[in-house]
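**Q** Letter by letter, the chains look like this.
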Amino acid sequence: GAVVSQHPSWVICKSGTSVKIECRSLDFQATTMFWYRQFPKQSLMLMATSNEGSKATYEQGVEKDKFLINHASLTLSTLTVTSAHPEDSSFYICSASKLAGAPNEQFFGPGTRLTVL
Amino acid sequence: AQKITQTQPGMFVQEKEAVTLDCTYDTSDPSYGLFWYKQPSSGEMIFLIYQGSYDQQNATEGRYSLNFQKARKSANLVISASQLGDSAMYFCAMREFSGGYQKVTFGTGTKLQVIP
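Heads up: the protein sequence lines correspond to chains A and B, in order. Take 1 as the starting number for the first sequence in the working numbering and just add one per residue. Take 1 as the starting number for the second sequence in the working numbering and just add one per residue.
It is possible that part of the hints are untrue.
Claimed, not checked - 25 Å max Cα-Cα, derived SDA-like pairs, lysine to any residue:
id, chain 1, residue 1, chain 2, residue 2
1, A, K64, A, G53
2, B, K70, B, N58
3, A, K41, B, K70
4, A, K64, A, S15
5, B, K73, B, P116
6, A, K14, A, T115
7, A, K41, B, N58
8, B, K73, A, S9
9, B, K111, A, G16
10, B, K111, A, S89
Stated by the list, open to error - Label pairs and their computed distance ranges (CB to CB):
id, chain 1, residue 1, chain 2, residue 2, range
11, B, S41, A, G61, 37 to 45 Å
12, B, P30, A, L68, 21 to 29 Å
13, A, E87, B, P30, 17 to 25 Å
By construction, these hints were calculated from the structure, which means they are not laboratory data. All values derive from a computational prediction rather than experimental measurement. The C-beta atom is built at its ideal place from N, Cα and C for all residues, glycine as well.
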């Protein structure tokens, strides 16, 4: 199989604090990982694409200093929401691709629900 | 212009009937991939079916089939013999390769409700 996990599943934090979300590919090596955010009843919006060992590519309008992405290994990518505010409350989903260029090999994590008070 | 367009915010279908969920896309890349995902109320994204731009035949996976019309840039999902468990949000997505990087864009989704 191809399993992607996310931790934590949900988190509530105070405004101004930073929150780290982990995305792990449990049984395969992921050369590319994607981070999405989803507002209630809306679609997934790609935030950034990260390739192992290189800097993440952020989508237009996504603040790099606000959403720090680290893809340090082939099985782990982290998203850190720095100085979180209530408007950052959202459902964050990661996905992982087994091989660069393999078109149908993208597997999603279960998501992390972030609530900022 | 929208990369992926799903024009049906919501759909109802009778149990055991077939339903078609519409998806049109826009890209200038010759090589791309089209996906359909199901998202139940629990939130996880479930991969349903994939169609490559060079695939000659329409993709099928069990009760799911993708009606790929390249000239029209449409990739409609057909669910046959609907089941109550099919009630969920359905997202169409497109993968492109830009500057050596993959990029996946999602449509706005269609909420499908299967009626007993």
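**Q** Each hint should be assessed against the structure and marked as holding or not.
**A** Taking the hints in turn, this is what the structure says about them:
1. Taking the CA atoms of K64/A and G53/A, the gap is about 17 Å. The hint holds against a cut of 25 Å.
2. Taking the CA atoms of K70/B and N58/B, the gap is about 11 Å. The hint holds against a cut of 25 Å.
3. The suggested pairing of K41/A with K70/B is violated, with an alpha-carbon distance near 29 Å, which exceeds 25 Å.
4. For the hint pairing K64/A with S15/A, the CA-to-CA distance comes to about 19 Å; that is within 25 Å, so the pair holds.
5. The hinted pair formed by K73/B and P116/B fails the criterion: a straight-line CA distance of about 33 Å is larger than 25 Å.
6. Restraint check for K14/A and T115/A: satisfied, since their Cα atoms lie roughly 9 Å apart, inside the 25 Å limit.
7. Restraint check: the Cα-Cα separation between K41/A and N58/B comes to about 30 Å, which exceeds 25 Å; the hinted pair is violated.
8. Distance hint between K73/B and S9/A is unfulfilled; the C-alpha atoms sit about 37 Å from each other, more than 25 Å.
9. Only pairs whose Cα atoms come within 25 Å are accepted, and K111/B paired with G16/A is rejected, the gap being roughly 35 Å.
10. The suggested pairing of K111/B with S89/A holds, with an alpha-carbon distance near 23 Å, which does not exceed 25 Å.
11. Between S41/B and G61/A the beta carbons are some 28 Å apart, a value that contradicts the proposed interval 37 to 45 Å.
12. With their beta carbons about 35 Å apart, P30/B and L68/A fall outside the hinted range of 21 to 29 Å.
13. Taking 17 to 25 Å as the suggested C-beta distance range, the pair E87/A and P30/B does not conform, at roughly 39 Å.
In this structure, the hints that do not hold are numbers 3, 5, 7, 8, 9, 11, 12, 13, in rising order.
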